[in-house]
Amino acid sequence: MRQTIQETDGEGTPKFLSTWGTDTPPENLIVNGPYKLKEYVTSQRVVFEKNPYYWKKDQQGNQLPNLENVVWAIVESTDTSLLQFRSGSLDSISVTPEYFSLLKNEEDRGNFTIYNGGAAYGTVFISLNQNRGKREGKPLVDPIKAEWFNNVNFRKAVAYGIDRPRIINNIYRGLGSPQNTQVSVQSPYYNQAVEGYDYNPEKAKELLLKEGFTYNSEGQLLDSKGNEVEFNLITNAGNKIREAMGAQIKEDLGQLGMQVNFSPLAFNVLVDKLSNSLDWEAHIIGFTGGNEPHSPNLWYTDGNLHMFNQKPRPGTKPLTGRVVSDWEKKIEQLYITGSQEVDMDKRKEIYNEAQELVSEYLPFVYLVNPYSLAAVKNRFDGIEYSALGGAFWNMEKLSVNDVSQE
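Residue numbering for the sequence shown is 1 to 406, as defined by the UniProt record's numbering.
Just so you know, the hints here were simulated from the structure itself, not pulled from any lab data. Incorrect hints may have been included.
[What the hints assert, rightly or not] Per label pair, the in silico range of CB-to-CB distance:
no.	residue 1	residue 2	range
1	K57	L102	25 to 33 angstroms
2	Q60	T19	34 to 42 angstroms
3	P296	S263	40 to 48 angstroms
4	L37	K203	50 to 58 angstroms
[Said to hold, decoys possible] Computed cross-link-like contacts, DSS-like style, restricted to lysine-lysine with a CA-CA straight-line distance of at most 30 angstroms:
no.	residue 1	residue 2
5	K329	K38
6	K250	K273
7	K329	K138
8	K57	K36
9	K145	K317
10	K138	K273
11	K330	K348
12	K138	K311
13	K210	K145
14	K36	K56
15	K203	K397
16	K330	K273
17	K210	K225
18	K57	K311
19	K317	K330
20	K210	K329
21	K205	K145
22	K203	K145
23	K50	K377
24	K38	K145
25	K240	K210
26	K330	K134
27	K56	K348
28	K56	K377
29	K311	K330
30	K348	K317
31	K317	K273
32	K138	K330
We put the CB at the ideal spot given by N, CA and C, even for glycine.
With the hints as constraints, model all of the structure from the sequences given.
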């Protein structure tokens, strides 16, 4: 083994790094899972075949997996995948809120089952850019707006001003629940004691007035220096859910007298703003999640996803004047401590405190968590659906029954 790893080519590069390439025949690939690659057709499908040397067996001693072949279709859009599922070309699809009613009505006739795994892993949130840094002498954020965004009561007013129940009912069609912390709801580390910010526009206005904001005769919100409160909100274009969220949040915060200019952007443009230029004011985005709460890239103050107060990435122009708050440092230290603790109960206490601090200081205003839904044809036996693993996490145990398909 050591010789295989240490052997190098004429340029000193380990040979094992070039053993397999994109032109390697699939039969030459070594795997230890239930399936091995059989065929890949660009932009069409990936085909896997049974690994005859897989180590698992069922209770009767039969070698697993049961299915001889598995095909993952590469489909260009959710609309196309819906059509293919309804026509019988696909055996399973994720179910979005906009398609749920249609598919639910066809469940018996189409001989499939819609599985609900509860709250999906991951988060969706709105964030305000608190970065006070300057690049080549120019502030990343207009100093007037930076004052608002760095005011915790302003952020709390935004949180109280967003009507999450309306997001759930109108955008998710009732198929979701509020998300109050940065940890996935189904994680054992989720802090259920964090109450979050229920929709309360009167409380939002009370906090704003407390911080010196006022209203003019037209109902526009003004800061203590008489500046109208106006900022730009962005998200990734093409994501229908986030686009609908942005439109509603613009309306909700408008009820507080804030002028929110909402603009969906091409994904690569959005990523460049959040990661490189750092030229943004507010955004809606989401992260995937899991049972493990540790996410240093997000919560370490020099992490590449510490977006609300981002350190410049390597290869970009430096910043001057970036300020890291004491509460940011405290959250970072909790994540460091949590990563070093092996006792689960003690870890839970540490991450509970981190969630409480995030809820108190609101670097991200968490919104709504959709339900994890999937439709699967009834021809499969052994489906044990979960939000974390989906429909096929136990693929090696699945089998096809003889239930007729209409």
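Now for the hints, and whether the structure bears them out:
1. Hint check: K57 to L102, Cβ distance near 41 angstroms, so the stated range 25 to 33 angstroms is violated.
2. Look at Q60 against T19: about 38 angstroms separates their beta carbons, and that is inside 34 to 42 angstroms.
3. About 31 angstroms separates the C-beta atoms of P296 and S263, a value inconsistent with the hinted range of 40 to 48 angstroms.
4. Checked against the hint of 50 to 58 angstroms, the pair L37 and K203 passes, with Cβ atoms roughly 56 angstroms apart.
5. A C-alpha spacing of about 49 angstroms is found between K329 and K38, which places the hinted pair above 30 angstroms, so the restraint is violated.
6. The hinted pair formed by K250 and K273 meets the criterion: a straight-line CA distance of about 20 angstroms does not exceed 30 angstroms.
7. Pair hint K329 plus K138 holds up; C-alpha atoms about 26 angstroms apart against a cutoff of 30 angstroms.
8. Between K57 and K36 the alpha-carbon distance is near 17 angstroms, which keeps this suggested pair within the 30 angstroms criterion.
9. Taken as a hint, the K145 and K317 pair is honoured in the structure, with Cα atoms around 22 angstroms apart against an allowance of 30 angstroms.
10. For the hint linking K138 to K273, the alpha-carbon distance of about 16 angstroms falls within 30 angstroms, and the restraint holds.
11. As the CA atoms of K330 and K348 are separated by approximately 16 angstroms, the hinted pair is consistent with the 30 angstroms bound.
12. Taking the CA atoms of K138 and K311, the gap is near 16 angstroms; set against the 30 angstroms cutoff, the hint holds.
13. For the proposed pair K210 and K145, the alpha carbon gap of about 18 angstroms is at most 30 angstroms, so the pair holds.
14. As the CA atoms of K36 and K56 are separated by approximately 15 angstroms, the hinted pair is consistent with the 30 angstroms bound.
15. For the given pair, K203 sits about 53 angstroms from K397 by alpha-carbon distance, which is inconsistent with the 30 angstroms threshold.
16. Simply put, K330 and K273 have alpha-carbon atoms about 27 angstroms apart, close enough for the 30 angstroms limit, and the pair holds.
17. About 14 angstroms separates the Cα atoms of K210 and K225, which keeps this hinted pair within 30 angstroms; it holds.
18. Taking the CA atoms of K57 and K311, the gap is near 50 angstroms; set against the 30 angstroms cutoff, the hint is violated.
19. For the hint linking K317 to K330, the alpha-carbon distance of about 27 angstroms falls within 30 angstroms, and the restraint holds.
20. With a C-alpha separation of about 27 angstroms, the suggested pair K210 and K329 falls inside the 30 angstroms cut-off, and the hint holds.
21. Restraint check: the Cα-Cα separation between K205 and K145 comes to about 18 angstroms, which is no more than 30 angstroms; the hinted pair holds.
22. With a C-alpha separation of about 21 angstroms, the suggested pair K203 and K145 falls inside the 30 angstroms cut-off, and the hint holds.
23. A distance of roughly 21 angstroms separates the Cα atoms of K50 and K377; the hinted pair therefore holds under the 30 angstroms criterion.
24. Proposed proximity of K38 and K145 is contradicted: the alpha carbons are some 55 angstroms apart, above 30 angstroms.
25. Only pairs whose Cα atoms come within 30 angstroms are accepted, and K240 paired with K210 is rejected, the gap being roughly 36 angstroms.
26. The suggested pairing of K330 with K134 holds, with an alpha-carbon distance near 24 angstroms, which does not exceed 30 angstroms.
27. The straight-line distance between the Cα atoms of K56 and K348 is roughly 34 angstroms, outside the 30 angstroms bound, and the hint therefore fails.
28. For the suggested pair K56 and K377, the alpha carbons sit about 25 angstroms apart, so the restraint of at most 30 angstroms is met.
29. Simply put, K311 and K330 have alpha-carbon atoms about 17 angstroms apart, close enough for the 30 angstroms limit, and the pair holds.
30. Restraint check for K348 and K317: not satisfied, since their Cα atoms lie roughly 39 angstroms apart, outside the 30 angstroms limit.
31. Restraint check for K317 and K273: satisfied, since their Cα atoms lie roughly 14 angstroms apart, inside the 30 angstroms limit.
32. At roughly 29 angstroms between alpha-carbon atoms, K138 and K330 fall within 30 angstroms of each other, so this suggested pair holds.
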